[in-house]
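Using the sequences and the hints given, assemble the complete structure.
Listed here are the chains, written in short residue letters.
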Amino acid sequence: MRSTATRGGLRVAVVDYGAGNLVSIEQALTSVGAQVRLAGTPDDLADAEAVVVPGVGAARPAMNRLAQAGLVDPLLRWIALGRPYLGICLGLQLLFERSDEDGAETFGVIRGRTVLLGDAPTLPHIGWNQVERRRDHALFAGIQDGTDMYFVHSYAGLPEGLAAEAGILAETTHGSRFVSAVDRGNVLGVQFHPERSGAAGLRLLGNFARWATALAAGAGAERSPVGAGGTAGGD
Amino acid sequence: MLRRRIIACLDVANGRVVKGTRFVDLVDEGDPPELAARYADEGADELVFLDITAATEGRATLLDIVERTARHAFVPLTVGGGVRTVEDMRAVLRAGADRVSLNTAAVAAPDLVTGCARAFGRQAVVVAIDARRIADPGSAVARWEVLVRGGRDETGLDAVDWAVRAAELGAGELLITSIDRDGTQSGFDTDLLRAITDRVGIPVIASGGAAGPADFISAVVDGGADAVLAASIFHRRLHSIADIKRTMLAAGIPIRATRGVAA
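Those protein sequences? They're chains A and B, same order as listed.
Start counting the first sequence at -19; every next residue gets the next number (our numbering).
Start counting the second sequence at 14; every next residue gets the next number (our numbering).
These aren't lab readings, by the way, just hints derived from the structure by calculation.
If you're wondering where the values come from, they're calculated on a predicted model, not measured in any experiment.
Built from N, CA and C at the ideal position, the CB exists for glycine as well.
Any given hint could be a false lead.
Unchecked claim - DEER-style ranges, computed between Cβ atoms:
| id | chain 1 | residue 1 | chain 2 | residue 2 | range |
| --- | --- | --- | --- | --- | --- |
| 1 | A | Arg190 | B | Asp204 | 49 to 59 Å |
| 2 | B | Gly28 | A | Ala121 | 38 to 48 Å |
| 3 | B | Thr34 | A | Glu140 | 50 to 60 Å |
| 4 | B | Ala255 | A | Glu112 | 18 to 28 Å |
| 5 | B | Ile147 | A | Leu56 | 54 to 64 Å |
| 6 | B | Ala148 | A | His117 | 58 to 68 Å |
| 7 | A | Asn44 | B | Ser152 | 23 to 33 Å |
| 8 | A | Asp80 | B | Val40 | 46 to 56 Å |
| 9 | B | Asp77 | A | Ala194 | 31 to 41 Å |
| 10 | B | Glu100 | A | Thr21 | 18 to 28 Å |
| 11 | B | Ala275 | A | Glu112 | 11 to 21 Å |
| 12 | A | Glu112 | B | Ala264 | 16 to 26 Å |
Structure follows, in structure tokens:
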């Protein structure tokens, strides 16, 4: 696989399952100092310190392609090991249990399902909209509350269960409110596209790289024996 | 609240940005990646890259220029021209497009719209419609015909009917260009826009005829457009994106704050 690695910088595996534009996320992460590898096989995750799952479109074809590439179990293991993970757009939606869009079963790391945006004046929701924070997180350091980010989607994850409220980092309104950023410990997800959200989006990706570097350093000690450390599931 | 978008359009032929009047008399306007970076920096909310000779030359999209353009701007990029199959679309997305615009190929094979929407989601599929007003002084109701292959071929299709059909087939957005107004700086055809925005629930991009800030306001208020696209006035620096955004804001239209614009 293509790698833009230079010396230094967080080693980020951007999961490549044939679902769209990887150029922007690769370019954006590289511009904030990360070393990016496009990961199309489980082996490509081997020396990564953080994983980013981008993607657009529907859940079922995405799950099928991830399964064909043998990536579903390695990604679930990655999450269970407490390692840094960022899902973007469809990459966030896949973290939920299933999708209303096509009924696909997804990762089930976050309780709840992906639902159609309610009361939306237009669908798909395309364009810049405000990301309103529900609590602080390093991911949004230095980014003003209510900053516009770029969205392009019709569905969004709806967290359920006891940990639902606590896991909501930000919400956005298009018709009704939906969850636009989540936090499940080592797993972060954003419904917008930071790689297409100008300077604010680049800042968020830089924040992710710093947060992941700190987490990877901490988790490295905790990871032996395998299975220790905080996990994202089971809320 | 969702902002209305200002889109800078790069019409590309032979690897260069060009601009004509009513789709002919093309003039060289610059290098695609350079202009993309400039417009992103100046506050464009999105870029549209149209390979305007791909359909007429019967070839695929110029992927290397798409990729260089995508790498130069951290704002969304829609790419059109030369996409005839789902696999063509996959290649254009892989080259760095966020969304793909279908025009001639969608008219020839409407199933393409559905196939692309199934594969990548409808939000990734833009159907571009080049519409020309039908001269009929006897009729009280305006009508427009769809033209394809860069405005060269008539189709007999009614533009509003095709817009409604495209939305049903799976388009996630419509890019509506008035051929009569294209490059003329005589204002958008807001009748055309309104006829379509009244009939579809997906967002609509207004294109063709931008002269100044008042036209952008009119496209949104009178035409019901969700996004407004222009080319000539940006290439030739007749108006800055910041000027247009400030005027739209003053008119009460929600706009993304970018350099020189406080929302």
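Q. Among the hints numbered above, which are violated by the structure, and what are their numbers in rising order?
A. Violated: hint 7 alone.
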